[in-house]
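Peer 1: Residues per chain, in single letters:
There are 2 protein chains.
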Amino acid sequence: MKELQTIANLTNALKVIPGIGNKSAERIAYEFIKMNPEKVDSLINSIQAIKKDLSICPICGSYMENNKCQICLDSTRDDSLLVVVTSYKDVIALERLSSLHAFYHVLNGSISPSKGITASDININKLIQRIKNNHFKEIILATDPTIDGETTALYISEILKDISDLIISRLGYGLPMGANLDFADELTLSHALKGRTIYKK
Amino acid sequence: MKELQTIANLTNALKVIPGIGNKSAERIAYEFIKMNPEKVDSLINSIQAIKKDLSICPICGSYMENNKCQICLDSTRDDSLLVVVTSYKDVIALERLSSLHAFYHVLNGSISPSKGITASDININKLIQRIKNNHFKEIILATDPTIDGETTALYISEILKDISDLIISRLGYGLPMGANLDFADELTLSHALKGRTIYKK
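Taken in sequence, the protein lines are chains G and A.
In terms of the working numbering, the first sequence is residues 1 to 201.
In terms of the working numbering, the second sequence is residues 1 to 201.
Pulled out of the complex, with its shape left as it was, chain G reads as follows (with noise of 0.2 angstroms):
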């Protein structure tokens, strides 16, 4: 006897999800039969439902549920500052700063020529009609500190670098809090010494 099919089924269709090798698709595949059924039901109504309600924001790039962006509609934040990131992760790593209450524009990606993933690839277009039609005063690119997050930074700030008044910002490089001194790379340790902050002049 071969392995049932249904097993095989599974197993074949929890390997298109990136990351899943063989055996962990196997592993997973052996505890779905052992699984509560209503936990099952409750998994995949998650997935439908995330396929259903989540869809990506056409002003901003970010996702947004039952089409509603509920960060672009939110007219409590500060119509002036525009902070530009790589993904929605980051999104909601910045949204827990309570002192940043601004909008964003999601590029989905970084420009990477090691990857073939130019400018037109990512969302930059809609970021460049978006500034040139709203009135931001700053705008503050929130790349990843990667080589492709600062070409992808750069990048932008010499396509806007035309715009008056516009002020184009980049997150401070150097040591992470918590860190020790001496683990710290040459190149972050170059960034904390250039942007050091003045105690006493």
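The set of hints was computed from the structure by calculation and includes no laboratory data.
There may be inaccurate statements among the hints.
[Unchecked claim] A short, non-exhaustive set of chain G residues, derived as facing chain A with CB atoms under 8 angstroms:
| id | residue |
| --- | --- |
| 1 | Ile7 |
| 2 | Ala13 |
| 3 | Leu14 |
| 4 | Pro18 |
| 5 | Ser46 |
| 6 | Tyr63 |
| 7 | Ile92 |
| 8 | Asp148 |
[Claimed, not checked] With a straight-line Cα cutoff of 20 angstroms, these simulated EDC-like cross-link-like pairs (lysine to aspartate or glutamate) come out:
| id | chain 1 | residue 1 | chain 2 | residue 2 |
| --- | --- | --- | --- | --- |
| 9 | G | Lys89 | A | Glu26 |
| 10 | G | Lys51 | A | Glu3 |
| 11 | G | Lys68 | G | Asp53 |
| 12 | A | Lys2 | G | Asp185 |
| 13 | G | Lys68 | A | Glu3 |
| 14 | A | Lys126 | A | Asp79 |
| 15 | A | Lys52 | G | Glu38 |
| 16 | G | Lys52 | A | Asp79 |
| 17 | A | Lys52 | G | Glu26 |
Built from N, CA and C at the ideal position, the CB exists for glycine as well.
Could you slot chain A onto chain G? The hints should help.
Peer 2: Coordinates of chain A only, in the frame set by chain G:
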């Protein structure tokens, strides 16, 4: 803005699967957002099929599809031989050997004093009934070579010992093929020595 409810719900539903932690659940939830809808539907259908079409055979305790046990209904098998295993996966492993064409009994677990699993928690009563109602010549106890597997095999052999003309056997112990002798643990090595085969006498 907090994380969107649909994403949080899917993350929580995925965490119900044993072995999937917080970070994995979150990662998989985000993968679902990006996944091709047909692939998601195919995965959901496979999960639903495994809950609907798969059940446990009331005779052998293995999994069966659509209430038909491929093994118990197979009249070409040797009806004098019953192999006792702890899981369906063991059946699949043994079925890869073309040499064995026996019937199986799946215990769905091992007796485990350390985990509080007793003989009545696993599929042993039906095994005893089955042996009494049939005319097997040999019972191969193919439980795992672990303390729990040994305990289970010993328990079953004790119950069956008074049935006359019934051979009760256990899989051989020794060196796994392809291993290096100097990497074998002492217990395995001592079993390999005891179970040696004579080339010439």
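Peer 1: Each hint should be assessed against the structure and marked as holding or not.
Peer 2: Okay, the hints, checked on the actual structure:
no.	hint	result
1	Ile7	holds, 7 angstroms
2	Ala13	holds, 4 angstroms
3	Leu14	holds, 7 angstroms
4	Pro18	holds, 5 angstroms
5	Ser46	holds, 4 angstroms
6	Tyr63	holds, 6 angstroms
7	Ile92	holds, 5 angstroms
8	Asp148	violated, 18 angstroms
9	G:Lys89 x A:Glu26	holds, 11 angstroms
10	G:Lys51 x A:Glu3	holds, 16 angstroms
11	G:Lys68 x G:Asp53	holds, 10 angstroms
12	A:Lys2 x G:Asp185	violated, 33 angstroms
13	G:Lys68 x A:Glu3	holds, 14 angstroms
14	A:Lys126 x A:Asp79	holds, 17 angstroms
15	A:Lys52 x G:Glu38	holds, 13 angstroms
16	G:Lys52 x A:Asp79	violated, 53 angstroms
17	A:Lys52 x G:Glu26	holds, 18 angstroms
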